[in-house]
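> We have chain P already, so just place chain S on it with the hints.
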Amino acid sequence: MNALIEELKQLIIDSLDLEDVTAADIDAKAPLFGNGGLGLDSIDALELGVAIQKKYHVKLDANSADTRQHFHSVENLAKFITSQQTG
Amino acid sequence: MAIRQPESRALPQVLGGRAPVDRAGFRRRVHVLRAIVDLHPARRWALVCDDAGWFGAGLLALAGRGRSIVLPQAPQAGSLAGTGIEAVLTDRPGSFRDFETLAVAEPSDDFQPEPPLPDDETRVEFYTSGSSGAPKCVPKAYLQLRLEVEALERQWGAALGDAAVVGTVPHHHLYGLLFRVLWPLSAGRPFAADMCLQPGELRSATAARRCAVVSSPAFLSRLTDHAGLPPAAQVAGLFSSGAPLPDPTAQALGEGWGRAAVEVYGSTETGGVAWRAWDGPQDRPWWTPIRGVAAELREDDAGPRLWARSACTYAQDWMPTGDLARFGGDGRFMLLGRADDVLKFEDKRVSLGEMRTHLLQHPAVAEARLLLLPGRRQHIGAVVVLQPEQRGAERGETRETLRAWMAERYEALLIPRKWRFPDALPDNAMGKTEQARLLALFEDAP
Chain P
0 MNALIEELKQ LIIDSLDLED VTAADIDAKA PLFGNGGLGL DSIDALELGV
50 AIQKKYHVKL DANSADTRQH FHSVENLAKF ITSQQTG
Chain S
0 MAIRQPESRA LPQVLGGRAP VDRAGFRRRV HVLRAIVDLH PARRWALVCD
50 DAGWFGAGLL ALAGRGRSIV LPQAPQAGSL AGTGIEAVLT DRPGSFRDFE
100 TLAVAEPSDD FQPEPPLPDD ETRVEFYTSG SSGAPKCVPK AYLQLRLEVE
150 ALERQWGAAL GDAAVVGTVP HHHLYGLLFR VLWPLSAGRP FAADMCLQPG
200 ELRSATAARR CAVVSSPAFL SRLTDHAGLP PAAQVAGLFS SGAPLPDPTA
250 QALGEGWGRA AVEVYGSTET GGVAWRAWDG PQDRPWWTPI RGVAAELRED
300 DAGPRLWARS ACTYAQDWMP TGDLARFGGD GRFMLLGRAD DVLKFEDKRV
350 SLGEMRTHLL QHPAVAEARL LLLPGRRQHI GAVVVLQPEQ RGAERGETRE
400 TLRAWMAERY EALLIPRKWR FPDALPDNAM GKTEQARLLA LFEDAP
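Protein chains in written order, with numbering that gives the first Met the number 0: chain P, 0 to 86; chain S, 0 to 445.
So here's chain S without its partners, still in its complex pose:
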């Protein structure tokens, strides 16, 4: 008869990072972080860790101690401003000089702590782009996150089995946090500490063991002919969220590579709402609500807006999405477009208005407009009218100064790539004309 290994001992929990961590080691991390948190009076904590393993341990440590957890929009010091935090728990202690910073620390003793029991009432705040000029706070109770990963396990757990979880999306947004960290922790699957930036890293991870891959259109759509992906047989599940996969990519994965990507539709507010996977072009537009999620339409000024009630909206009941939709007769729905002016840029929700507000706060800037530039790859372009006394400055230096200013607050992906510095904005008497004139500024080299 086989002897079962004690559950908490040698089972791997976090892969990669500086060293792999087994389940007992992970619990020790949570235990030590709790001790750090207990010694500090702060009630509101920002959690910023590059390593997903430390991030998960930090979350469980804070959630067991009645503290509020703030997950900033981007892991940059500038995005902590205005969130009212009193301390930062981080694996990057040098980056947050303006704040009380506590660094994660590897436990030295080989003790066996009890499994962590996070408090369901813990408040976890996500920050995301709203349609107004400021990041929007989306508060959750830990209970909602817990129910959400239980719903994911019910829907897909059997298919994943004991696969390890690797991802190409960051873990500080809801999708990555749930799929890359909390779901594997809850289901007892190992997960990777590092985010994969290259398809080769996925191949390297799946060569060692079967994996579930948590990805997004920004990554998957760039793998021409899915050639860079690991063999489909080594992948227990491929998830994509953040934006719809382009049809050719979905088809290439489903028919060419051999396993359809499971696309998950949802938002920070609602959590996962529905899913679809390539099954021929006629079925393509239709999304099926995730088990346990209710979805319906409510008419407002923008049109038939989709509302959802899910584990993630538990206790808040029905919540509006940002999308317009229409239902088929079978409970599935089709998306008809955005209901607000928040746009999706490389799977990220972006408010150009919010970024413009930040740009205008720089003393050298008199006026500014941000816009999406078409091209092989979309970029954000900035049209900036400088204060008169700044106009003599060398353009490259000015651009670098403003880029650095934006980088204090936003991740690299969102920093405007192209800059134009006219003496005045094109006449803005007519909205559409202005947009076309702004675009025209980018047609020629600067």
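Excised from the complex, chain P in its bound form:
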């Protein structure tokens, strides 16, 4: 799980072209979108979703409320990916 979390942080930095941000700066529990976190926008969410599906071969076929939950933080994303891969 921790390895996955670190990998996801790097995926976020690389796929979203974040500047001035290192993996160590990203709090796995902090919100990715909106205030108080990385401040990512809706297009970041879309691009991140595409990148995650490509890399981990998971399907994000949820309703809006579930997707928002999965994308809340790096930790939630890691939990979601783990559950899809083992399930």
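It is worth saying that the hints were derived from the structure and are not from the lab. Keep in mind that the hints are not guaranteed to be accurate.
Claimed, not checked - Computed from the model, here is a short list of chain S residues facing chain P with C-beta under 8 Å:
no. : residue
1   : D193
2   : C195
3   : E345
4   : L412
5   : K417
Ideal placement from N, C-alpha and C gives every residue a C-beta, glycine not left out.
Frame of chain P, contents of chain S only:
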């Protein structure tokens, strides 16, 4: 013989959200919001709801009570400043502390109210990026919105049938408001309360029933090989507006996925003007005016500018668009480029001048320039000269402070992603040179 269900009862109206709402439930919402509005003396109301179902109910409630409705440029508290509103009707009451706020509330009783009858004279104000330094107010009468959705129904209603409407665009701008909320309400189609952020949410929605999808190039162009989309057979119609779809995306949808996207050309001022759908490369540049819309060219300083007369410009007659165009012999036209300096960024109309004005109002900022940065994905970059006493501050903190300042007014998409803090701006004696020098500041890591 089949027994027809009474129309207002079990038919779904709003899907998703905290709980689905049927048509009677929606009317109850409008009824309760009207009661809230009636008890308050405010004449000018901002309407800010994240949930499209509440947004629609709020709009109909206010429009039935002779109030003016203000739809801010972004659903942020900062964008309400200067709009002269007296109260905010919202499903996010904690966000607007500086204003008189009234929260939407779910009705508790199971009563059967009459259908709402909005007043055609109601003034609805949209705010959008103008070419000057301030957001531009585009006022409409409710009648214009009503005529516009009737025009949409005439053009595409038969194709949509009883499909549910889902969308990937926000509902507080004209396109989303018309296509995601008012059109389905008027035609009796259910619509989704939440905006879809991921293609999987569209798949999940269409798995349950046939849907019409209201989208934009920012979303569709990122679905490589349309792999993320639901099966075309489950989609009654795919709409795209805000900016032209890139040709490869339009072709991939039309030929690979199996259903061409209907692109709608228009603006907040004009409403929908024309449409096109992929039918081979030779037809690609040509836009067909929507039934009932008239379009013509008028020469001005910028060149042959397109003017339109539509349901949305009703009573205001002909209105200029921001685009230059040329007509073919068959009534269709081709767009030749923007006539003003307002640019399109991820389908949104943006005035960098307006954003710069806001940035300059921060006390730490002495000078500032904003520019579009090229790259795999375009970003907005900010070059900021700080006040001398601020220059010792830690750069990351300064950047966060300024980002938060911009976030009070603009949605996340428009907040500059990259920041540079030189001690002076590159010499601006020559306009183009300056632009190149500003860009050069972003070539290296900060």
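> Broken hints, numbered, in rising order?
none
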